[in-house]
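Visitor: Sequence:
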Amino acid sequence: MRIAVFGSTGGVGRHFVSQALEKGMAVTALVRSPGNLAGLSEGLTQVTGDVTNEEAVHHTVAGADAVVCALGAPLLDKSGIRATGTASIIRAMKAARVNRLICLSSIGAGDSYPLIPALYKYFLGPLMMERMFADHEAQEAEIAASGLDWIIARPGPYRDGDRTGTYAHGVTADVPDRKLKFHINRADVADFLIRQLSDNTYLHKPAWLTSCLAHQTL
13 MRIAVFGSTG GVGRHFVSQA LEKGMAVTAL VRSPGNLAGL SEGLTQVTGD
63 VTNEEAVHHT VAGADAVVCA LGAPLLDKSG IRATGTASII RAMKAARVNR
113 LICLSSIGAG DSYPLIPALY KYFLGPLMME RMFADHEAQE AEIAASGLDW
163 IIARPGPYRD GDRTGTYAHG VTADVPDRKL KFHINRADVA DFLIRQLSDN
213 TYLHKPAWLT SCLAHQTL
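Mapped onto the numbering used here, the consecutive letters of the sequence shown carry residue numbers 13 to 230.
Everything labelled a hint here was simulated from the structure, so no lab data went into it.
Being a predicted model, the structure only gives us computed values, none of them experimental.
Fair warning: there could be bad hints in the mix.
What the hints assert, rightly or not - Derived Cβ-Cβ restraints for the label pairs, each shown as a range:
1. Ala74 - Lys35: 19 to 29 Å
2. Glu34 - Glu142: 35 to 45 Å
3. Ala150 - Asn65: 30 to 40 Å
4. Asn212 - Thr178: 15 to 25 Å
What the hints assert, rightly or not - With a cut-off of at most 20 Å between alpha-carbon atoms, the simulated SDA-like pairs for lysine to any residue come out as follows:
5. Lys35 - Ala50
6. Lys217 - Thr176
7. Lys35 - Asp77
8. Lys217 - Ala185
9. Lys217 - Leu127
10. Lys35 - Ser45
11. Lys35 - Ala78
Note that the Cβ used here is the ideal one computed from N, Cα and C, for glycine as well.
Model the full structure from these sequences, guided by the hints.
Guide: Dropping the structure here:
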């Protein structure tokens, strides 16, 4: 399986590339600088450019079986790069007849906003996260209207740590009655994204994603 990856040098994206290569997948990654993925070579093809370059985006998608979009931006970024970049990726996918898109969004986007803690909802959100949520929601709207086979992952805030393979996930309507741990390891988010390449549980749905409670094994 060949996967086209956008946002491959970010915290989650790099974990995804590493884990995909470990599993024997071939990866084509769009990178501004090839040195940003130093140490990852076997099975990796790097395309130099960024998501604003339509030619580079098309070159990255060509020949892929699926696309993973892990585009990121600073909290206060005004560019809307997640939405505009994802629109470019979708155009390239349709041109190349690549149908499966797995996209990294954020808990708090869309109908998952009620799931975030009060600190984020009433203090950090209005001060620092409104632009991020707006960009993710515009990005998700592009995906929902694309006609592709898509899955959106909405993880909680990231932390460092090893891949555990044990975390909670679901749709907003199915949040457990018990309190969830809010943060999640970047490596576990990457693990979830890889699983969505072949799992249709969340096809055409956004799924929230957080660490499990101590007694949970999912």
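Visitor: Hint by hint, say whether it matches the structure.
Guide: Verification of the hints:
Checked against the hint of 19 to 29 Å, the pair Ala74 and Lys35 passes, with Cβ atoms roughly 22 Å apart. Checked against the hint of 35 to 45 Å, the C-beta distance between Glu34 and Glu142 comes to roughly 37 Å, which is consistent with it. Range check, Ala150 to Asn65: Cβ separation about 20 Å, and the 30 to 40 Å hint is violated. A hinted range of 15 to 25 Å holds for the C-beta pair Asn212 and Thr178, which are about 22 Å apart.
Straight-line distance between C-alpha atoms of Lys35 and Ala50 comes to about 18 Å, which keeps the hinted pair within the 20 Å bound. Taking the CA atoms of Lys217 and Thr176, the gap is near 24 Å; set against the 20 Å cutoff, the hint is violated. For the suggested pair Lys35 and Asp77, the alpha carbons sit about 15 Å apart, so the restraint of at most 20 Å is met. Between the alpha carbons of Lys217 and Ala185 the distance comes to roughly 12 Å, so the proposed pair stays at or under 20 Å and holds.
Taking the CA atoms of Lys217 and Leu127, the gap is about 16 Å. The hint holds against a cut of 20 Å. For the given pair, Lys35 sits about 24 Å from Ser45 by alpha-carbon distance, which is inconsistent with the 20 Å threshold. At most 20 Å may separate the alpha-carbon atoms for a hinted pair to count; Lys35 and Ala78 meet this at roughly 15 Å.
Hint check: violations occur at hints 3, 6 and 10; the rest are consistent with the structure.
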